[in-house]
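Student: Okay, here's what each chain looks like letter by letter:
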Amino acid sequence: MDPRKFRLGLLFATAAIALSFVAPLAPGVPSLLARPGLWQAAALAGALFLAAAWFADARAIVPGLAGVIAAAIVSLLLLHDSNIAGNATAGFWSIVTAAWLAAAMCVVALAALRPVRKERRRLINILVPLLFGATVFYLWEVAVRGFGVPPVIFPSPSAAALRFAASLPTLAADFNQTFIKGVLIGYAIGCGAGLLVAILAHRFEFLGRGLLPLGNFFSALPLVGIAPIMVMWFGFDWPSKAAVVALVTFFPMLVNAIAGLSAAGHIERDLMRSYAASHRQSLTKLYLPAALPFIFNALKINATLALIGAIVAEFFGTPTQGIGFRISTEAGRMAIDMVWAEIALAALAGMAFYGFVTLAERATTFWHPSYRT
Amino acid sequence: MTSNSLALGGVSPRRLSHHPLVERYAPVITTVLALVAIWYIAAVAMNWTLVRDGFEREETPYTVSDVLAGTMDAERPLLPAPHQIASNFFDTVFGYPPLAPRSLVYHSLVTLSATLLGFLLGGVFGIVLALLIVHSRVLERSLLPWIICSQMVPILALAPIFIVVLGALGLHGLLPKAIISAYLCFFPIAIGMVKGFTSPDLLQIELMRTWSATPRQVLWKLRWPAAVPFLFASLKVAITISLIGAIVAELPTGAEAGIGARLLAGSYYGQTVQLWSALVAAAVLSWGLITIVGLVERGVNRSMGAR
Numbered sequence: 002m003d004p005r006k007f008r009l010g011l012l013f014a015t016a017a018i019a020l021s022f023v024a025p026l027a028p029g030v031p032s033l034l035a036r037p038g039l040w041q042a043a044a045l046a047g048a049l050f051l052a053a054a055w056f057a058d059a060r061a062i063v064p065g066l067a068g069v070i071a072a073a074i075v076s077l078l079l080l081h082d083s084n085i086a087g088n089a090t091a092g093f094w095s096i097v098t099a100a101w102l103a104a105a106m107c108v109v110a111l112a113a114l115r116p117v118r119k120e121r122r123r124l125i126n127i128l129v130p131l132l133f134g135a136t137v138f139y140l141w142e143v144a145v146r147g148f149g150v151p152p153v154i155f156p157s158p159s160a161a162a163l164r165f166a167a168s169l170p171t172l173a174a175d176f177n178q179t180f181i182k183g184v185l186i187g188y189a190i191g192c193g194a195g196l197l198v199a200i201l202a203h204r205f206e207f208l209g210r211g212l213l214p215l216g217n218f219f220s221a222l223p224l225v226g227i228a229p230i231m232v233m234w235f236g237f238d239w240p241s242k243a244a245v246v247a248l249v250t251f252f253p254m255l256v257n258a259i260a261g262l263s264a265a266g267h268i269e270r271d272l273m274r275s276y277a278a279s280h281r282q283s284l285t286k287l288y289l290p291a292a293l294p295f296i297f298n299a300l301k302i303n304a305t306l307a308l309i310g311a312i313v314a315e316f317f318g319t320p321t322q323g324i325g326f327r328i329s330t331e332a333g334r335m336a337i338d339m340v341w342a343e344i345a346l347a348a349l350a351g352m353a354f355y356g357f358v359t360l361a362e363r364a365t366t367f368w369h370p371s372y373r374t
Numbered sequence: 018m019t020s021n022s023l024a025l026g027g028v029s030p031r032r033l034s035h036h037p038l039v040e041r042y043a044p045v046i047t048t049v050l051a052l053v054a055i056w057y058i059a060a061v062a063m064n065w066t067l068v069r070d071g072f073e074r075e076e077t078p079y080t081v082s083d084v085l086a087g088t089m090d091a092e093r094p095l096l097p098a099p100h101q102i103a104s105n106f107f108d109t110v111f112g113y114p115p116l117a118p119r120s121l122v123y124h125s126l127v128t129l130s131a132t133l134l135g136f137l138l139g140g141v142f143g144i145v146l147a148l149l150i151v152h153s154r155v156l157e158r159s160l161l162p163w164i165i166c167s168q169m170v171p172i173l174a175l176a177p178i179f180i181v182v183l184g185a186l187g188l189h190g191l192l193p194k195a196i197i198s199a200y201l202c203f204f205p206i207a208i209g210m211v212k213g214f215t216s217p218d219l220l221q222i223e224l225m226r227t228w229s230a231t232p233r234q235v236l237w238k239l240r241w242p243a244a245v246p247f248l249f250a251s252l253k254v255a256i257t258i259s260l261i262g263a264i265v266a267e268l269p270t271g272a273e274a275g276i277g278a279r280l281l282a283g284s285y286y287g288q289t290v291q292l293w294s295a296l297v298a299a300a301v302l303s304w305g306l307i308t309i310v311g312l313v314e315r316g317v318n319r320s321m322g323a324r
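These protein sequence lines map, in sequence, to chains A and B.
Quick note, our numbering runs 1 ahead of the 1-based positions in the first sequence.
Quick note, our numbering runs 17 ahead of the 1-based positions in the second sequence.
Keep in mind the hints are simulated off the structure, nothing from the lab.
All of these numbers come straight from a predicted model, not from anything done at the bench.
Just to be clear, a hint being listed does not mean it is correct.
[Unchecked claim] Pairs of lysine-lysine residues, derived as BS3-like cross-links and limited to a Cα-Cα distance of at most 25 Å, are as follows:
no., chain 1, residue 1, chain 2, residue 2
1, B, K238, B, K212
2, A, K286, A, K182
3, B, K212, B, K253
4, B, K238, A, K301
5, A, K286, A, K301
6, A, K301, B, K212
Generate the whole structure from the sequences, applying the supplied hints.
Tutor: Put into structure tokens, the structure is as follows:
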């Protein structure tokens, strides 16, 4: 990052803070100077930006981020004034602009850092996307409340978070119905069956050559369309969701596991044969370990597919709980904050699921070249 | 020397069972036939009680063969037999003028238009994102993790909200569906293209630098050609996903036309045969789209001088 650009950006942020003292926050409300506590905080943010502009290198990041936090707090507190929320003007938006500009500058500077120590590099790799995301959420919050967007169209993240906290029992019931019963059971059945059939296909070559093209064909089909049929067969409760999930996850696992089982090299196979290993021995000691990276690839693909499959199956009929059910009914009642709370739940569940699979992969395939850096 | 090459000696290449065509297609055909057979058996087993109860309700005398025949052409079977689906499929595809609301062609076209628009939007968005990420380290480090996170959100859950929000903004019909399928399919394209744009190795990039090529020249003369195989691989994945997105987007929106609407109507009114033939239509559509992408890929490869 060019230090001159960095300094210029931070100076702009300082100027924007200064502007907010002069420009009106909203039509007909007292100015920033008439609000004790807030104007000191805004002045502090301006001073911190100025200090950061003075350094304009890696040392600027800490005061810059502190200033961003101060400016963000000032703008969020200002929004509590019901005269400002919904009809904010130049003074308010200049604080937001200052916070955004300084945050962007600091993220850019942080991303350009090349620390020698490994832990620090890892810390920065986590910190940069987190700061980016926090900035996006802050802008979303401020824009929704500052412009007074009706919550029916687009709720603020804080409203969704409040709703999340207020309806924890409902969310827990939905999570249990959709994720624990539908997704996990279906995922286990689908992936297990896919792996078993792949092992059979690997054992009997004729079957394998017949199944592989079919598996490729089926895994490219929009299989979630089978959901209404499964609801018809297995009823409204979780078994139909588990059946959809099992079917959706079966083919990716089959295709990947067949590819993985044939990934063992010729030399290793010959070695197993020269040890007179039985099929079971070479399966557990050679083929399956060699297939693990492929199997985990399928498990990761399936982690996302499973959640989608279960939620879509719920659109076709559920008992009165479940993430998909709640989303479609609450969207019909225009309770969009609840919908976002459910989406946050689904996202958290999806990320945790994916993260868990990734951790398991790290623990079991540490020997693979892609991890041996 | 490997065990396989050692083992090859004893087999006579003349036998019919080792003809290359037979070796290639016999397993596939056998598996398909086995699946169809299993399907018929399952159809008999699943529809048996249904048909028998029907006979008993009407109090007509029946034999086993009557019930057996009944399971093959029940009106609302639990599992329709393959020939029922096939005849319904051909009836609804060829039996009506293509734009009649009862024709499956019409519904497929509605879904296809949303799919293609979504695919176009998602493709352009994915490629632009990949370009931004490749050209900016900051974006790579800050945006890429969030793009990956966005895929762990069950995106289809967003479909109803998109419809509500876009409906409030006055957008109806094709565009909301297309946006959902675009949201679904931009990801494989973006990830594949990031991989593709970064696939030229250091040597080639340094060669470009010794010719003092501008970043734009590096992009057009090196990165784009190198990314083409990745582009088509991800396009094949993306076009199926975009079809899935278009179908699923029709479910919560209560659309009147489209394969998703057909699925929903079939499940509401218990018209299982119609439901299955809509599924077959989706399969044919998906297979056709992938084939078209494959053909375009072959054409592009040939015009770029591959082989």
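Student: Please go over all the hints and tell whether each is borne out by the structure.
Tutor: These are the hints, each one checked on the structure:
1. K238/B / K212/B: holds (17 Å)
2. K286/A / K182/A: Roughly 33 Å between the alpha carbons, so the hint for K286/A and K182/A is violated.
3. K212/B / K253/B: holds (16 Å)
4. K238/B / K301/A: Violated, because 35 Å separates the two Cα atoms, which is more than 25 Å.
5. K286/A / K301/A: holds (23 Å)
6. K301/A / K212/B: holds (19 Å)
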